[in-house]
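A.B. asks: Each chain is listed here by its residues.
2 protein chains.
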Amino acid sequence: MTPSPAFRTDRYELTMVDAAIQSGRADLECMFEAFARRLPTGRRYGIVAGTGRLLELIRQFRFEDSELSWLEENAVVRRPTLDFLANYSFRGSIWGYQEGDAYFPGSPLLQVESTFAEGVMLETIILSVLNYDTSVASAAARMVSVSLGRPLAEMGSRRTSEHAAVAAARAAYIAGFAATSSLEAGRTWGIPTMGTAAHSFVLLHDSEEEAFRAQVDAFGTNTTLLVDTYDVPRGIALAVKVAGPQLGAIRIDSGDLPTVVAAARVQLDSLGAVNTTITVTSDLDEFSIAALSASPVDAFGVGTSVVTGSGEPAAGLVYKLVAHRSPDTEWVPVAKTSASKVSIGGRKNAVRRLDEHGTARQEIVLLGAEPAAAPLDTEPPQEGTRDRALLVPLIVEGVVDERYTGTAGTTLARAHCATVMTELPIEAFRLGRGEAVIPTIYR
Amino acid sequence: MTPSPAFRTDRYELTMVDAAIQSGRADLECMFEAFARRLPTGRRYGIVAGTGRLLELIRQFRFEDSELSWLEENAVVRRPTLDFLANYSFRGSIWGYQEGDAYFPGSPLLQVESTFAEGVMLETIILSVLNYDTSVASAAARMVSVSLGRPLAEMGSRRTSEHAAVAAARAAYIAGFAATSSLEAGRTWGIPTMGTAAHSFVLLHDSEEEAFRAQVDAFGTNTTLLVDTYDVPRGIALAVKVAGPQLGAIRIDSGDLPTVVAAARVQLDSLGAVNTTITVTSDLDEFSIAALSASPVDAFGVGTSVVTGSGEPAAGLVYKLVAHRSPDTEWVPVAKTSASKVSIGGRKNAVRRLDEHGTARQEIVLLGAEPAAAPLDTEPPQEGTRDRALLVPLIVEGVVDERYTGTAGTTLARAHCATVMTELPIEAFRLGRGEAVIPTIYR
Numbered sequence: 344m345t346p347s348p349a350f351r352t353d354r355y356e357l358t359m360v361d362a363a364i365q366s367g368r369a370d371l372e373c374m375f376e377a378f379a380r381r382l383p384t385g386r387r388y389g390i391v392a393g394t395g396r397l398l399e400l401i402r403q404f405r406f407e408d409s410e411l412s413w414l415e416e417n418a419v420v421r422r423p424t425l426d427f428l429a430n431y432s433f434r435g436s437i438w439g440y441q442e443g444d445a446y447f448p449g450s451p452l453l454q455v456e457s458t459f460a461e462g463v464m465l466e467t468i469i470l471s472v473l474n475y476d477t478s479v480a481s482a483a484a485r486m487v488s489v490s491l492g493r494p495l496a497e498m499g500s501r502r503t504s505e506h507a508a509v510a511a512a513r514a515a516y517i518a519g520f521a522a523t524s525s526l527e528a529g530r531t532w533g534i535p536t537m538g539t540a541a542h543s544f545v546l547l548h549d550s551e552e553e554a555f556r557a558q559v560d561a562f563g564t565n566t567t568l569l570v571d572t573y574d575v576p577r578g579i580a581l582a583v584k585v586a587g588p589q590l591g592a593i594r595i596d597s598g599d600l601p602t603v604v605a606a607a608r609v610q611l612d613s614l615g616a617v618n619t620t621i622t623v624t625s626d627l628d629e630f631s632i633a634a635l636s637a638s639p640v641d642a643f644g645v646g647t648s649v650v651t652g653s654g655e656p657a658a659g660l661v662y663k664l665v666a667h668r669s670p671d672t673e674w675v676p677v678a679k680t681s682a683s684k685v686s687i688g689g690r691k692n693a694v695r696r697l698d699e700h701g702t703a704r705q706e707i708v709l710l711g712a713e714p715a716a717a718p719l720d721t722e723p724p725q726e727g728t729r730d731r732a733l734l735v736p737l738i739v740e741g742v743v744d745e746r747y748t749g750t751a752g753t754t755l756a757r758a759h760c761a762t763v764m765t766e767l768p769i770e771a772f773r774l775g776r777g778e779a780v781i782p783t784i785y786r
Numbered sequence: 344m345t346p347s348p349a350f351r352t353d354r355y356e357l358t359m360v361d362a363a364i365q366s367g368r369a370d371l372e373c374m375f376e377a378f379a380r381r382l383p384t385g386r387r388y389g390i391v392a393g394t395g396r397l398l399e400l401i402r403q404f405r406f407e408d409s410e411l412s413w414l415e416e417n418a419v420v421r422r423p424t425l426d427f428l429a430n431y432s433f434r435g436s437i438w439g440y441q442e443g444d445a446y447f448p449g450s451p452l453l454q455v456e457s458t459f460a461e462g463v464m465l466e467t468i469i470l471s472v473l474n475y476d477t478s479v480a481s482a483a484a485r486m487v488s489v490s491l492g493r494p495l496a497e498m499g500s501r502r503t504s505e506h507a508a509v510a511a512a513r514a515a516y517i518a519g520f521a522a523t524s525s526l527e528a529g530r531t532w533g534i535p536t537m538g539t540a541a542h543s544f545v546l547l548h549d550s551e552e553e554a555f556r557a558q559v560d561a562f563g564t565n566t567t568l569l570v571d572t573y574d575v576p577r578g579i580a581l582a583v584k585v586a587g588p589q590l591g592a593i594r595i596d597s598g599d600l601p602t603v604v605a606a607a608r609v610q611l612d613s614l615g616a617v618n619t620t621i622t623v624t625s626d627l628d629e630f631s632i633a634a635l636s637a638s639p640v641d642a643f644g645v646g647t648s649v650v651t652g653s654g655e656p657a658a659g660l661v662y663k664l665v666a667h668r669s670p671d672t673e674w675v676p677v678a679k680t681s682a683s684k685v686s687i688g689g690r691k692n693a694v695r696r697l698d699e700h701g702t703a704r705q706e707i708v709l710l711g712a713e714p715a716a717a718p719l720d721t722e723p724p725q726e727g728t729r730d731r732a733l734l735v736p737l738i739v740e741g742v743v744d745e746r747y748t749g750t751a752g753t754t755l756a757r758a759h760c761a762t763v764m765t766e767l768p769i770e771a772f773r774l775g776r777g778e779a780v781i782p783t784i785y786r
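First to last, the sequence lines map onto chains A and B.
Sequential numbering of the first sequence, starting at 344, is according to my numbering.
Sequential numbering of the second sequence, starting at 344, is according to my numbering.
Since the hints were made in silico from the structure, they are not lab data.
The structure displayed is predicted, hence computed values, not measured ones.
Yeah, the Cβ is synthetic: ideal placement off N, Cα and C, and Gly gets one too.
On the chain A side, residues computed to face chain B include the following (Cβ under 10 Å):
# : residue
1 : Arg396
2 : Glu466
3 : Arg501
4 : Ala511
5 : Ser524
6 : Thr531
7 : Phe562
Kindly produce the complete structure, drawing on both the sequences and the hints.
C.D. replies: As structure tokens, this is what we get:
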């Protein structure tokens with residue numbers, strides 16, 4: 344049995360629930376918000392991912408007998424809290440940026456409206472999922488934008504923990520990757536899977552030629568032969584000798600790629616293998632992909648850098664209480680005010696202002712506004728511009744909007760991301776370090 | 344139902360099995376090895392972690408009906424391979440460095456002896472688990488070594504994906520952390536859990552004083568009050584006013600810590616709270632912990648940096664076929680030889696040479712040797728020195744050594760790591776960039 348996601352929680356969330364039940368504040372109506380104080384250093388935009396996974400985890404977030412007895416045995420909380428947890432399921436509402444959308448510093452990515460007890464318990468699961476998946480999608484989007492339309496495959500399962508690998512494949516796919524090496528990601532999320540052979544397959548055989556012949560016998564000539572086990576030019580010559588000029592593809596996993604790839608293309612063409620494509624897969628990241636923009640590469644395989652967020656393995660999202668109210672009173676904005684790490688309290692709505700060409704110019708955060716699909720309380724956009732509403736209802740009074748979950752939700756997020764990328768100013772895609780590509784304006 | 348870990352696999356592993364079954368090489372006896380070509384930039388040593396988790400995953404690594412039907416529907420492999428997978432369980436043997444041990448470039452961390460088909464299928468799951476857990480343990484060990492005996496708590500669940508969080512807590516604990524915020528890590532691995540309240544608990548109440556009173560009412564005066572929501576000196580004054588000088592601890596999560604902590608200690612002492620301890624938790628890493636060595640901090644809480652390997656979120660371990668043999672023939676060492684990424688073929692044994700003070704001086708890798716607990720084929724150590732065998736049998740002909748699994752295995756690994764840390768030369772603990780603290784010698 345899969346243990347309940349309710350225990351993928353920090354202990355302090357349950358002790359806060361315990362103390363709030365005792366102090367009589369547990370049922371206060373609250374608004375929590377997930378947001379990033381800043382983008383990772385030098386990044387111009389981020390891509391929200393994880394929402395679809397998160398909605399399913401929130402639905403499964405229940406305390407069963409095994410959780411309750413552990414909490415009791417370990418004296419984490421007391422009897423009234425155990426009774427509350429036994430009956431807990433999230434009955435509040437959550438608004439959020441649609442999965443696959445871009446975000447900027449201060450974008451109110453998720454707004455959770457519920458009692459204090461219901462909302463505070465979701466802090467860790469919300470941040471775990473959104474921080475990791477958003478980190479991967481944000482890195483993946485940069486790789487896609489410099490790939491010049493050539494397909495990218497995610498193959499980094501071995502460079503992140505075994506469950507994270509499946510989430511990473513999904514996040515990369517949402518950001519525009521074409522495929523994954525992960526079978527579980529194929530099964531769970533409907534992502535196309537790819538992969539043929541590693542160096543071990545070549546080394547297993549008495550010669551490279553024998554290995555190529557075994558692979559072609561098994562999969563036909565439209566396979567991908569890995570040609571760099573011993574010597575690339577010799578490997579290519581053998582590959583075309585074995586498979587003929589109709590060979591599907593070669594893969595190169597080492598060496599100085601711009602040089603090696605150019606020579607490989609010349610050699611393939613000279614052997615008549617003009618339609619044989621070249622896939623490269625050697626510790627690639629957005630910078631090395633960009634450096635191959637003039638090289639005759641047909642497809643990229645990316646591992647470590649995409650699943651670890653290309654140097655930024657956590658997106659830096661935080662989850663804060665921003666407002667509360669008693670029944671029959673107004674919302675009271677709240678925020679930490681000491682030292683660094685200042686937050687902006689209050690409920691928020693958000694729109695992205697697009698100019699007459701449909702290009703994003705401002706992220707407008709409307710303070711004190713109710714989260715809503717229609718922009719509220721903002722000055723009317725100038726002629727030719729329009730404001731795109733950014734928040735969509737993800738959970739309404741405990742009921743998950745199923746359009747955002749499962750394989751359909753993943754497909755939807757991928758399509759949304761593709762659209763949003765066309766809306767960003769061209770400066771967003773510069774790899775060099777800089778500030779967020781559009782300013783966040785608070786009104 | 345938890346899906347089988349068998350699908351946390353890259354597609355190419357199964358296509359290689361498929362092609363090898365057809366070419367008649369699938370049953371060849373093989374030796375695969377997991378190792379690191381280098382340590383992360385600047386690091387002096389690494390700490391192996393993940394082994395106990397990995398052994399349980401290998402035991403569960405089976406293809407059930409749901410996996411087999413997916414592979415068939417998606418035409419990943421053919422009928423003979425499906426039949427093979429239906430009956431698959433790992434029946435080979437695995438030797439490895441004991442979990443919690445140190446390692447260096449080229450250390451043969453894991454050696455997998457099995458048929459090609461059985462061994463190649465484990466590549467991704469082995470690397471996923473070892474790369475992530477080792478990354479966390481290696482970073483955690485650096486933090487422990489600069490903490491001067493003061494306890495560290497892992498609280499980074501929110502900064503890594505939701506399952507990785509549990510593995511991270513375990514790896515940090517093995518490397519010497521004292522506790523975790525993760526309830527699932529407490530339940531699954533028996534790690535002490537900690538945590539009391541966040542800023543949201545303070546903000547929920549009408550005043551900081553009311554929040555402190557609620558927490559003390561719930562948990563007694565021996566609790567930890569978070570004093571930096573509004574103003575630290577005012578927070579400390581209120582905390583001692585509410586809980587009295589017997590207050591257990593205060594927590595500070597922001598600001599210039601050396602300054603703030605020194606002032607906090609003076610203030611607490613002046614209020615008579617001389618036994619009230621100070622916990623700090625603000626984006627700490629090994630460098631900021633070291634910078635607090637002269638500060639009156641009593642405990643550290645570490646999040647992002649430990650669960651993301653402090654800048655090195657994947658340990659860079661690779662898994663390579665290093666030798667094979669047919670029945671009745673000798674082992675044939677094999678290795679990729681082109682361009683960069685060269686490997687050293689052949690089976691290996693390894694010992695760590697300790698000098699007369701018990702300090703590690705060399706990592707000795709014995710080429711062509713059978714993995715064995717007793718050092719083989721090495722020249723006898725000089726007088727006063729000794730060679731510690733590094734490889735232990737983890738799985739023998741498919742049977743897992745249970746001593747290394749579960750909570751007992753985690754406890755064992757933690758104890759082993761503590762011993763190994765005392766064996767490393769003192770230069771290992773310098774935070775500045777440098778080479779591996781001992782050389783790897785191949786014989």
